[in-house]
Amino acid sequence: MTVTITEAGNTNKLELTTSPHLHNQWTTKKVMWMVVAALAPSLLAAVLFFGIYQLLIITTAVVFAVGTEYAIQTVRKQKLSVVDGSAALTGLLLALTLPPNFSLSSTAIGSIVAIGLGKQIFGGLGYNIFNPALVGRAFLQAAFPVAITTWSTNKFAVDSVTSATPLAAFKFDRITAGLSEMFLGSTGGSLGETSALAILIGGIFLIAVGIVNWRIPFSMIIGMIVFGAIFNFIDPVKYPAPLFHLFAGGFLFAAFFMATDWVTSPVTNKGMWIFGFGISFVLIVIRLFGGLPEGVMYSILFMNAFVPIINRVTIPKIFGSVKGAAA
Amino acid sequence: MVKQVPLSKEFLKGLWEQNPIFKQVLGMCPTLAVTVSAINGIAMALATTFVLVTASLLISTIRKLIPNQVRIAAYIVIIATFVTIVDLVMKAKFPELSKALGPFIPLIVVNCIILGRQEAFASKNTPFRALLDALGMGAGFFIALVSLGGIREIIGSRTFLGIQILPDAFEPWLIMILPAGAFLTLGLMLGFANMYTDRKKRIEKESLIEQYKRVSKVEISMAQEGI
Amino acid sequence: MNNVVKMILTLSIIGVVSGGLLSRIDNWADPLIAANQKAQTEEAIFKVQPEAQNYEPVNIAGIEAYKVSDASNNPLGYSLVYSGNGFQGKIRLMIGLTSDLEKITALEILEQVETPGLGTKVTEDPFRNQFKGLETLPQINWVKGINPSHPNEIQAITGATISSKAVVAIMNVGILKMRKLQKEGKI
Numbered sequence: 001m002t003v004t005i006t007e008a009g010n011t012n013k014l015e016l017t018t019s020p021h022l023h024n025q026w027t028t029k030k031v032m033w034m035v036v037a038a039l040a041p042s043l044l045a046a047v048l049f050f051g052i053y054q055l056l057i058i059t060t061a062v063v064f065a066v067g068t069e070y071a072i073q074t075v076r077k078q079k080l081s082v083v084d085g086s087a088a089l090t091g092l093l094l095a096l097t098l099p100p101n102f103s104l105s106s107t108a109i110g111s112i113v114a115i116g117l118g119k120q121i122f123g124g125l126g127y128n129i130f131n132p133a134l135v136g137r138a139f140l141q142a143a144f145p146v147a148i149t150t151w152s153t154n155k156f157a158v159d160s161v162t163s164a165t166p167l168a169a170f171k172f173d174r175i176t177a178g179l180s181e182m183f184l185g186s187t188g189g190s191l192g193e194t195s196a197l198a199i200l201i202g203g204i205f206l207i208a209v210g211i212v213n214w215r216i217p218f219s220m221i222i223g224m225i226v227f228g229a230i231f232n233f234i235d236p237v238k239y240p241a242p243l244f245h246l247f248a249g250g251f252l253f254a255a256f257f258m259a260t261d262w263v264t265s266p267v268t269n270k271g272m273w274i275f276g277f278g279i280s281f282v283l284i285v286i287r288l289f290g291g292l293p294e295g296v297m298y299s300i301l302f303m304n305a306f307v308p309i310i311n312r313v314t315i316p317k318i319f320g321s322v323k324g325a326a327a
Numbered sequence: 001m002v003k004q005v006p007l008s009k010e011f012l013k014g015l016w017e018q019n020p021i022f023k024q025v026l027g028m029c030p031t032l033a034v035t036v037s038a039i040n041g042i043a044m045a046l047a048t049t050f051v052l053v054t055a056s057l058l059i060s061t062i063r064k065l066i067p068n069q070v071r072i073a074a075y076i077v078i079i080a081t082f083v084t085i086v087d088l089v090m091k092a093k094f095p096e097l098s099k100a101l102g103p104f105i106p107l108i109v110v111n112c113i114i115l116g117r118q119e120a121f122a123s124k125n126t127p128f129r130a131l132l133d134a135l136g137m138g139a140g141f142f143i144a145l146v147s148l149g150g151i152r153e154i155i156g157s158r159t160f161l162g163i164q165i166l167p168d169a170f171e172p173w174l175i176m177i178l179p180a181g182a183f184l185t186l187g188l189m190l191g192f193a194n195m196y197t198d199r200k201k202r203i204e205k206e207s208l209i210e211q212y213k214r215v216s217k218v219e220i221s222m223a224q225e226g227i
Numbered sequence: 001m002n003n004v005v006k007m008i009l010t011l012s013i014i015g016v017v018s019g020g021l022l023s024r025i026d027n028w029a030d031p032l033i034a035a036n037q038k039a040q041t042e043e044a045i046f047k048v049q050p051e052a053q054n055y056e057p058v059n060i061a062g063i064e065a066y067k068v069s070d071a072s073n074n075p076l077g078y079s080l081v082y083s084g085n086g087f088q089g090k091i092r093l094m095i096g097l098t099s100d101l102e103k104i105t106a107l108e109i110l111e112q113v114e115t116p117g118l119g120t121k122v123t124e125d126p127f128r129n130q131f132k133g134l135e136t137l138p139q140i141n142w143v144k145g146i147n148p149s150h151p152n153e154i155q156a157i158t159g160a161t162i163s164s165k166a167v168v169a170i171m172n173v174g175i176l177k178m179r180k181l182q183k184e185g186k187i
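Residue numbers (our numbering), protein chains in the order written: chain C, 1 to 327; chain G, 1 to 227; chain Z, 1 to 187.
Source of the hints: derived by calculation from the structure; they are not laboratory data. Virtual Cβ for every residue (Gly too), placed ideally from N, Cα, C. Be careful, since some hints might not be right.
[Unchecked claim] Okay, derived cross-link-like pairs now, SDA-like style, lysine to any residue, Cα gap no bigger than 20 Å in a straight line:
#: 1; chain 1: C; residue 1: Lys-171; chain 2: C; residue 2: Phe-231
#: 2; chain 1: C; residue 1: Lys-171; chain 2: Z; residue 2: Gln-155
#: 3; chain 1: G; residue 1: Lys-124; chain 2: Z; residue 2: Met-7
#: 4; chain 1: G; residue 1: Lys-93; chain 2: Z; residue 2: Gln-37
#: 5; chain 1: Z; residue 1: Lys-38; chain 2: Z; residue 2: Leu-22
#: 6; chain 1: G; residue 1: Lys-99; chain 2: Z; residue 2: Arg-92
#: 7; chain 1: G; residue 1: Lys-99; chain 2: G; residue 2: Leu-32
#: 8; chain 1: G; residue 1: Lys-99; chain 2: Z; residue 2: Ala-169
#: 9; chain 1: Z; residue 1: Lys-165; chain 2: C; residue 2: Thr-149
#: 10; chain 1: G; residue 1: Lys-64; chain 2: Z; residue 2: Val-5
#: 11; chain 1: Z; residue 1: Lys-183; chain 2: Z; residue 2: Glu-43
#: 12; chain 1: C; residue 1: Lys-29; chain 2: C; residue 2: Ala-142
#: 13; chain 1: Z; residue 1: Lys-103; chain 2: Z; residue 2: Leu-118
#: 14; chain 1: G; residue 1: Lys-9; chain 2: G; residue 2: Glu-96
#: 15; chain 1: G; residue 1: Lys-99; chain 2: Z; residue 2: Lys-121
#: 16; chain 1: Z; residue 1: Lys-165; chain 2: C; residue 2: Phe-231
#: 17; chain 1: Z; residue 1: Lys-144; chain 2: Z; residue 2: Lys-183
#: 18; chain 1: G; residue 1: Lys-91; chain 2: G; residue 2: Phe-104
#: 19; chain 1: G; residue 1: Lys-91; chain 2: Z; residue 2: Val-5
#: 20; chain 1: C; residue 1: Lys-77; chain 2: G; residue 2: Phe-192
#: 21; chain 1: G; residue 1: Lys-93; chain 2: Z; residue 2: Gln-155
#: 22; chain 1: G; residue 1: Lys-64; chain 2: G; residue 2: Leu-131
#: 23; chain 1: G; residue 1: Lys-201; chain 2: G; residue 2: Leu-57
#: 24; chain 1: G; residue 1: Lys-64; chain 2: Z; residue 2: Thr-10
#: 25; chain 1: C; residue 1: Lys-270; chain 2: C; residue 2: Phe-281
#: 26; chain 1: Z; residue 1: Lys-67; chain 2: Z; residue 2: Glu-43
#: 27; chain 1: Z; residue 1: Lys-38; chain 2: G; residue 2: Glu-96
#: 28; chain 1: G; residue 1: Lys-64; chain 2: Z; residue 2: Ser-12
#: 29; chain 1: G; residue 1: Lys-99; chain 2: Z; residue 2: Pro-50
#: 30; chain 1: G; residue 1: Lys-99; chain 2: Z; residue 2: Lys-90
#: 31; chain 1: C; residue 1: Lys-77; chain 2: G; residue 2: Pro-179
#: 32; chain 1: G; residue 1: Lys-93; chain 2: Z; residue 2: Lys-103
#: 33; chain 1: Z; residue 1: Lys-6; chain 2: G; residue 2: Pro-67
[Stated by the list, open to error] Beyond 12 Å from chain C on every Cβ pair, some chain G residues (computed):
#: 34; residue: Lys-13
#: 35; residue: Pro-67
#: 36; residue: Ala-92
#: 37; residue: Arg-129
#: 38; residue: Leu-131
#: 39; residue: Gly-150
#: 40; residue: Ile-151
Construct all of the structure, not just a fragment, from the sequences and the given hints.
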């Protein structure tokens, strides 16, 4: 989330990266709709792989997220911020982390929790500590553990018998899915996470237009490859190859769309590196040694909690200041 | 020192105004841990109330005999005695309930509601007032635990006191009977309780200001008329 | 000095009174508690060996075991208590085994702290009934999502694979131990 301040007609003379100053060309509204646009390939992939019903899940999630925000802000007599699209985006992100053919009433509960407990209870946009979409997802995981790990078969799946996600297949049955399948997305999994290709198109678009800082996804990917390679080197039978980790589960989706959330990620460059590596490390520990096959949601929520500390210890030195001198 | 507080107040204050859970936020460990169902909440509240009432009564009776320096030690021994009695009776007569409440019965010894009431109230008041106070606090604890356990049981397993009240079509939210559900429910309940108190305070303040304005208006008009 | 004496005296009196009271209550409660525990164990022993009429505890190294027999004292098999790690904590269970250790008569879960609503399904009938008449040779296996096709297979609970696996693992380890002891002629 690099934010640059540029005087009109004066390109990049002054670049500050520490505080969350908004670039004057970016309004919250514009950014949110850009992210929605970047999610379009993943949305298409979800409908293509799992059927038209998935549009209902997505619509339900968005409608209830926006509705909850509207209701809470009306009750608390606050200025309505529904039009800025942030609630809609939260709903959309939540829907893309849900399994195909998930029940609509549970989706609605997830959206209400995401906005109500994940965002508005802290005071609204900009005040929340944890990524709201992931709070909603975590609530659903704890409330309906069976439904949320019931995966429908991908329409393009090579092996049509198994609908398990590549991670679950590896964890419980030691079956490794093919890399090309995982890259294109013809495996089991949540709506938006199966196709690495669709995620990369959207993610690179966001980096190119400058909404997402490349450091967080990049450090997460580097971290995953390094940690994955270390364990793969120790025991190739027990621990899968680093590329498998990269394309399996929700890792890439989370790297580009979840971890990069402006509000809940560090603001300093150094902090972003720490944040990204931290997520990868927690994730690999959960995936290899935990009870659950996937843990990218928990690892991001876990690192979200450290963001204030990371920000504090990575404050860049003020130019010209002397160590130890009074400010 | 003459007490001005009416006797009814000694009992009623524990229900809401100084409710041990919602207002004093004491005794969180048993509150969060055992309230997976309403019946657990009832058993825990009754056990705690029994210990609270007997300990308060005894301690306020012998309050003048206990030297100040060893009062905490004396209170703890007395409380621990009653807790052990409850524990043994439950194990002997209600083994199922004792199993469900697990290690939380012995932990009543260190429940801060009990020690707090001895130190803050029973050691300074007559046995009758201490009894009313303990009953009030116990009732407040009971209300909090049963409502918390009831909400968690209804949403988490569709039942209330073991009887199914929500239809099968409602998929139970398992999170409500997990520890996370305890924190979420209690947090939201505390939030709403505070909201209610704040609103009441604000309305009181506004009506007081109104009243003052009216009074001063009358005074001014009286002054103008030269009375 | 006077104050110190008063302090010691007060605490001593409280201690003695409380100790005396507790010992009286314990005298009353202790046999009742022991009876409760015995009744619970007995109930479980006969639940896992439905045809049994008598039982006697046997002394086997490290295993809580009961030899059961029918009304005319013909040995039927064993009721065995095993424990091991589940998903979140210890699982303690009792199984009934035939004398040749080749068939399970039934399973009871005595203690568990699994996830409510999920892992706790191991205590419910649909899961436990799968073990009735299950063969233990060469060992108990579990399958997921499909119906068991072998006489030594059970189906794991959806969403609670780890708890199901843990129960099976505890039983396999325990049965193996018994088989080894039988080979050595110790039982």
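G/Lys-64 and Z/Val-5 were given as a pair; does the straight-line alpha-carbon distance stay at or below 20 Å? Holds. G/Lys-64 to Z/Val-5 sits at ~16 Å (cutoff 20 Å).
Pair hint outcome, G/Lys-99 versus Z/Arg-92 [Cα-Cα no greater than 20 Å]: 14 Å, holds
For G/Lys-93 and Z/Gln-37, compute the direct alpha-carbon distance and say whether it is at most 20 Å. Within the cut-off at roughly 12 Å; holds.
What's the verdict on G/Lys-99 and Z/Lys-90, does the C-alpha distance respect the 20 Å limit or exceed it? 15 Å, holds
Can you confirm whether the C-alpha distance between Z/Lys-103 and Z/Leu-118 stays at or below 20 Å? 27 Å, violated
20 Å Cα cutoff - pair G/Lys-91, Z/Val-5: It is violated: about 38 Å lies between the C-alpha atoms, which goes past 20 Å.
Holds or violated: are the alpha carbons of Z/Lys-38 and Z/Leu-22 at most 20 Å from each other? 23 Å, violated
Given as non-interface: G/Arg-129, partner chain C, CB spacing beyond 12 Å: Correct as stated: the minimum Cβ-Cβ distance to chain C is 40 Å, above 12 Å.
Given the proposed pairing of Z/Lys-6 with G/Pro-67, does the C-alpha separation stay at or below 20 Å? 7 Å, holds
Does G/Gly-150 really sit off the interface, with its C-beta more than 12 Å from all C-beta atoms of chain C? 18 Å, holds
Would you mind confirming whether the straight-line C-alpha gap from G/Lys-99 to Z/Pro-50 stays at or under 20 Å? Not OK: G/Lys-99 and Z/Pro-50 at ~25 Å, beyond 20 Å, violated.
Looking at G/Ala-92 again, its CB stays over 12 Å from all of chain C? 37 Å, holds
Comparing the model with each earlier hint shows violations of hints 5, 8, 11, 12, 13, 14, 16, 17, 19, 21, 23, 29, 31, 32; every other hint is respected.
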